[in-house]
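Heads up: the sequence lines are chains A and B, in that order. Following the working numbering, the residues of the first sequence are numbered contiguously, the last one being 285. Following the working numbering, the residues of the second sequence are numbered contiguously, the last one being 599.
Worth flagging that the hints you see were computed from the coordinates, not collected in a lab. Treat the hints loosely; a few may be bogus.
Simulated restraints, written as ranges between beta carbons of each label pair [claimed, not checked]: (1) B/E298 to A/A87: 30 to 38 Å; (2) B/S357 to A/L122: 17 to 25 Å; (3) B/F304 to A/R279: 14 to 22 Å; (4) A/L276 to B/E298: 36 to 44 Å; (5) B/S401 to A/A55: 53 to 61 Å; (6) B/E298 to A/S120: 22 to 30 Å; (7) A/T284 to B/D312: 17 to 25 Å; (8) A/I206 to B/G546: 17 to 25 Å.
Since the structure is predicted, the reported quantities are computational estimates derived from the model, not experimental observations. Glycine included, every Cβ here is placed at the ideal spot set by N, Cα and C.
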Amino acid sequence: MSAGEATAVRRRGLGTGRLFGSELGLVFGRRRNQVGLATLLGLVVLVGVALKVSAMRRPPSRGGDLMTAVAGNGIYLGFAGLTIEIALFLPLAVSVLAGDAVAGEANLGTLRYLLLAPVSRLRLLAIKAAALAVGSLIGALVVAAGGVLTGVLLFGAGPLVSLSGTQLSVADGLWRLTLAALYVAAGLAALGMIGLFISTLTEQPIAATVATAMVGTLLWILDAVPQLDWLHPWLLVDRWPALVDLLREPVFLDRIIAGLGVDAGYAALFFVLAWLRFRRKDVTS
Amino acid sequence: MSSAAPELAIGSEGLSKRFGRQQVVDDLALAVPTGSVYGFIGPNGSGKTTTIRMLLGLVRPDAGTSTLLGESMPHGAGRVLPRVGALVEGPAFHPYLSGTANLRRLDAADPTSDPSTAASRISAALDRVGLGAAAGKRYRAYSLGMRQRLGIAAALLHPRDLLVLDEPTNGLDPQGTREVRHLIAELAADGSTVFVSSHLLAEVEQLCSHVGVMLTGRLVAQGPLAELRALTARRFRLETPDPPAAMGILEQLGVPDPMIGAGEVTGTLGDLPPETVVAALVAGGVAVQAFTPVTATLEDAFVELTGEGFDVSG
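Please model the complete structure; the sequences and the hints are all you need to start from.
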C-alpha cells in the first residue's frame, strides 16, 4: 500500500463527515427551506393566537382535550402544534427535502459530478438519508419549541395536568415534549425514506415532492377508512398521534413502541428499495 | 501495486449502449495512449457523451468492458476517479451557492481530499481558469463562459493523471477558447493525459496528438493525428492567368481531377512531388503565380472517412 493509498483510507471517515456537513449546509442554507421552517413555526404561532382569541371571547371549558388544555397551560401548545402539523405540514416539509435529495441533484446535473468526485452511490444515499433524518428532527423540534414559547408567552406556564389527571412538573413536561418531538421525527424520517426512494425514480424534484406528499396524505386517508381497520396497524401514520400517550401518567408506551417499530420497518424497506434502484441507475442527467 | 503507468489511459473493448430502440454506442474499441492529447470528435448526437459517461461509470454499458488508468470500470471507480478530472456535458452547479462554495462541496465529496489544503487548492483552481475575481459570486449570476470555466476549475482541484473534458470550449468567447487551449497544452506538458471531445474539428486539430472519430455510435477511425491526415489525398491550388493551358499540362501529368476556378486550378496531387508539377507547368509556358500544396484538414479526413459531411447524426 502506497502512502497515498494509506492516506486515502485514513481519510475515508473524515471525508464522509465533511460531505455530510456540506449536505446539511446545502439543505439549511437554502432560502426556500428556511422559509419552510419559518412557515412551520408560523403555523403553531397562529394556532396559539387563535386559541388566545377564542379563550378571551369565552372562558375555556374544563375538558380533557389538548386544545382546551392549552388555554390553561402554554406548554401544551408544543404538543398541540405537533399533533396539528403531523397531519399535513410536517410531512409536506419532509417531502420537499426528499424531492431535492436525489432528483434535485439529478435535475441540476450536480449528481454526475458528485459521483465523479467520487462519492460511492451507497455513501451518497446514506448521506442523503441522514440529512433527511436531521431535517425531520429539526422540523419537529422547531414546532415543539415554537409551540412552548408561544404558549408560555400567551398563556403562561406552570405544572401540567397529565391526561390521566395527575400533576407533572414543568421540567417533566418539557422532557416529555422533547420525547414527543423525537417520536414525530422518527415517523417523518421514515416518510423521508419513502421520498428518498421516489427521488431516485425521477429527475424532477417537484414530481418527487408531490408524489411523496401524496403518499403521506393517502396513508392518512386509508387510516381513516374504518373498513380497512385490518390494514391500519401497518400504515406508517397510524400511530403518529400516539405522541399524546406521553402525556399519560404513567407514560403509556405500547403504541409508541409499536409505532417506532413500524417507522423503522418503513425506513429500512424504502432505503433498501432506493439503494436497489440507485445502485445500477444510468445517470444521464 | 506497480508504479508504472499503464500503456493506455483509457481502453475499451466492445463497448455498446442502447437507449430504447436507438443503438447510441456500438462496439467501441477505444485506445487512448498515456500521455496523449486525444481528440474525440464526431457530430452532435454521434454518441460521444454517452461513451464518456460509460467510461466514467455513470452509465452502465449493455456490453463490453473499459479501463481507466489501468483500473477496470465501474469496479475501480472509487480508486481511480480521484485521479481523474472530468467535465461531462457542460458544467452543473448549485445556482444559489458561490463558485467557491460549489467547489468546496465537490472537494468535500472526494474522500481522498485533504480538508486542510481545500481553501488554497480551490482558490488556485479558480485563479487558473481566470475566475478569481468572481469566486464569491453566486453561480446563478455567472455567464455561460464563467460557468464553463468553473466546470474546468472543478476538474483541476487536484493534480490529475487524466482529464476528460467534454466540449471544454462550449460557450467561451475567442479569448476564453484560446485560454482553454493553452491550459490543455499546459496540463499535457505536466504529464496528464487529456481526453477532449469536440464537434469543432479545427479546435481538435490545433490541440491533439491523437484522434478518434465517432459517427452514429461507431468509432470509424482512431490513431495519431498525422496518420489520419495522411489517409487523405493531398491536394494543390495553382494560381495562373491561363487556367485552360494549365489544365492540359496537368492532365498530361496524370492529375485525376483538375478543376478550373477563377484564375486558379485545383486538383489532387497524389504522389506527384509539387516541384515536378511546377517544373512541367513552367516548361509548358504556363505562368505560375502561386502553387500551394494544401494540407488536408481534419474535416477533409472526416469526409473522406465517412463519405458524409459533418452534420448532426440522426
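Taking the hints in turn, this is what the structure says about them:
no.: 1; hint: B/E298 to A/A87: 30 to 38 Å; result: 57 Å, violated
no.: 2; hint: B/S357 to A/L122: 17 to 25 Å; result: 19 Å, holds
no.: 3; hint: B/F304 to A/R279: 14 to 22 Å; result: 19 Å, holds
no.: 4; hint: A/L276 to B/E298: 36 to 44 Å; result: 29 Å, violated
no.: 5; hint: B/S401 to A/A55: 53 to 61 Å; result: 58 Å, holds
no.: 6; hint: B/E298 to A/S120: 22 to 30 Å; result: 25 Å, holds
no.: 7; hint: A/T284 to B/D312: 17 to 25 Å; result: 20 Å, holds
no.: 8; hint: A/I206 to B/G546: 17 to 25 Å; result: 60 Å, violated
The structure fails to meet hints 1, 4, 8 from the earlier list, while all remaining hints are met.
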